[in-house]
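Participant: Each chain, letter by letter, is given below.
There are 2 protein chains.
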Amino acid sequence: MEKNKLKKLITKIFVKHKLSKKHALICAEALVNAELVGAPSHGLSRLKMYCDRIKKKVINPRPKIKIKKISKSITHIDANNSIGFVAADIGIKKAIKSAKETGFGLVGIKNSGHYGLSGYYAEQAVKKNLIAFAFTNAPPAIAPHGALKSLFGTNPICFGTPTNSKIPFILDTSVSMINRGKIRVASRTGEKIPEGVALDKFGKPTTDARKALEGVQLPIAGFRGSGLAWMVDILSGVFTGGNHGGKVKDPFDDFSGPQNIGHLFIVMKANIFVKNFNKRINENIKRIRRLPKLKGVKEILYPGQNKYKRFNYNYKREIKMNETVLNELKILNN
Amino acid sequence: MEKNKLKKLITKIFVKHKLSKKHALICAEALVNAELVGAPSHGLSRLKMYCDRIKKKVINPRPKIKIKKISKSITHIDANNSIGFVAADIGIKKAIKSAKETGFGLVGIKNSGHYGLSGYYAEQAVKKNLIAFAFTNAPPAIAPHGALKSLFGTNPICFGTPTNSKIPFILDTSVSMINRGKIRVASRTGEKIPEGVALDKFGKPTTDARKALEGVQLPIAGFRGSGLAWMVDILSGVFTGGNHGGKVKDPFDDFSGPQNIGHLFIVMKANIFVKNFNKRINENIKRIRRLPKLKGVKEILYPGQNKYKRFNYNYKREIKMNETVLNELKILNN
Chain E
377 MEKNKLKKLI TKIFVKHKLS KKHALICAEA LVNAELVGAP SHGLSRLKMY
427 CDRIKKKVIN PRPKIKIKKI SKSITHIDAN NSIGFVAADI GIKKAIKSAK
477 ETGFGLVGIK NSGHYGLSGY YAEQAVKKNL IAFAFTNAPP AIAPHGALKS
527 LFGTNPICFG TPTNSKIPFI LDTSVSMINR GKIRVASRTG EKIPEGVALD
577 KFGKPTTDAR KALEGVQLPI AGFRGSGLAW MVDILSGVFT GGNHGGKVKD
627 PFDDFSGPQN IGHLFIVMKA NIFVKNFNKR INENIKRIRR LPKLKGVKEI
677 LYPGQNKYKR FNYNYKREIK MNETVLNELK ILNN
Chain G
377 MEKNKLKKLI TKIFVKHKLS KKHALICAEA LVNAELVGAP SHGLSRLKMY
427 CDRIKKKVIN PRPKIKIKKI SKSITHIDAN NSIGFVAADI GIKKAIKSAK
477 ETGFGLVGIK NSGHYGLSGY YAEQAVKKNL IAFAFTNAPP AIAPHGALKS
527 LFGTNPICFG TPTNSKIPFI LDTSVSMINR GKIRVASRTG EKIPEGVALD
577 KFGKPTTDAR KALEGVQLPI AGFRGSGLAW MVDILSGVFT GGNHGGKVKD
627 PFDDFSGPQN IGHLFIVMKA NIFVKNFNKR INENIKRIRR LPKLKGVKEI
677 LYPGQNKYKR FNYNYKREIK MNETVLNELK ILNN
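Protein chains in written order, with the working numbering: chain E, 377 to 710; chain G, 377 to 710.
Keep in mind that the hints are not guaranteed to be accurate.
Identical chains blur together in the list; that is why a pair holds if it fits in one copy or across any two.
Here are the simulated DSS-like cross-link-like pairs (lysine-lysine), alpha carbons at most 30 Å apart as the crow flies [claimed, not checked]:
(1) Lys476 - Lys651
(2) Lys587 - Lys662
(3) Lys587 - Lys674
(4) Lys674 - Lys580
Don't read these hints as lab results, they were simulated from the structure.
Please build the complete structure, drawing on both the sequences and the hints.
Facilitator: Below is the structure:
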């Protein structure tokens, strides 16, 4: 479907589900962006879930979002169980404003929900020549180091910086060895999953996707990745007032209450310490890209370059959706 | 040697090398702390190197450190090639002061040197009930993803938070699969190094430590770890005005000029968004430690617990040093 037509359709669906036009548009933009950057797992495939959560009253379509200004640089937001996109949109805009005015913006958000891709928010700051961290927690997916039970979410670490080119540096990396979606697909097709990414329910390493689904996913780099996931849970949950320590509900499976997810944005002016940040980052990237390459490697890429390529490719084309998603769209629009 | 006696000896050696008494004491504290927490690679084994760098005039023993206050929360420090400990000590203290006064403190340091353990600085903030990030870059040790040449340092990610107990949460993790020191030891003993941690000079995976030393170390988790190392290089080098992009000199091997390392401290009041942070973090840690454990795992530990145990154990004992270090101490003291 053509992207603007799709945006209109999503907006219409959200408005039908009681969101204001303004909020519906924010959500539609974020979902279509996920499709364009090649992350359909964070795009249309979640639309029905969001609508279901609204219907079951665990997302509040008309939230009374409280914005508490703590200082010129620091803001705390109580999202009142809004859909995550809306709270995060307000949050990153506040952080950007603070950073532009004072050099630094810090925004903590509580009582929010799944907000899509962290990189989407970091990118908004980077476009204003700001450096940004975005943290959010998520439902249990990976086991803390030494544990036989999942507790941390895939808890991405997201960092973005201007690059002096139109392609921003956006690192948006989960701390899980493998995407749960990939295990789900493999369990359907019967394919094996790689070694070292998951344990079965008895805590034994497995390459059997079905056994992995009953067991746990592993963090990257053992104790170190587990520590990074823990850090993200503390920053986005404990620190902001959001849920934490495994209490964030799975948005697809658990309608017993709102998710109460927390997000944290840390935004800084890129040229606060040096006048020539753009020249410096340009030189940094050039040096790294010029290194001798491993056999078979054409180009050393910085985080964000692949996404940008996908975006540009998809931007000129119709957005493709699978049968399931098309059917869901049809039903939601009825 | 008894730790206070050792501190006095180190102080005396640094004063002999033209450091002020105050600066010499700061360095002695940091080096003895590294021994106490069980990180001798960042302790006494580096003392001769620091002294050599002073003698060769690539560390400035009497630096004119410029402290530029950008706002109540933000400070930029030009360390004038001081020994890293001194600049970092000033920096973390400024960041702590700002965070206590305004909720957050941001300090960028340029023209500094190797500052020892990042966790040492984060811990100072945590003891004041603050959350802290500490970033520093380092000489080339790991190859960017796809490259056949080392460029990033082991670039640690360091994050600390109060825990409502006397044992702080201090994550201080390199993004390298393996410590270079371990490869050096294995190359001497002829032991094999693990698979997947290094490549030989042709870019082929190797378990031969000697070949690994000629080749490159790999980042954790491939593209993701490479991205994290890149992030740390940008934050501590490009952003602050320090060296970056592989230009930080090896302190042991390269006396052709100062290191010009950059450090970045981001410190935040733990209870800025919630009043009961300590109660929340305590609950968070309790939930995770209570999880069912993998076979053979006695206890789920948070980052910092092992270090604390080592510190307590070593605190009551003499500090052990090997023959090489003892000889170096003797010569430096002559």
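Participant: Each hint should be assessed against the structure and marked as holding or not.
Facilitator: Hints versus structure:
no.: 1; hint: Lys476 - Lys651; verdict: both (15 Å within a copy, 28 Å between copies)
no.: 2; hint: Lys587 - Lys662; verdict: between (45 Å within a copy, 28 Å between copies)
no.: 3; hint: Lys587 - Lys674; verdict: between (37 Å within a copy, 25 Å between copies)
no.: 4; hint: Lys674 - Lys580; verdict: between (38 Å within a copy, 17 Å between copies)
Going through the hint list in order, the structure satisfies each hint without exception.
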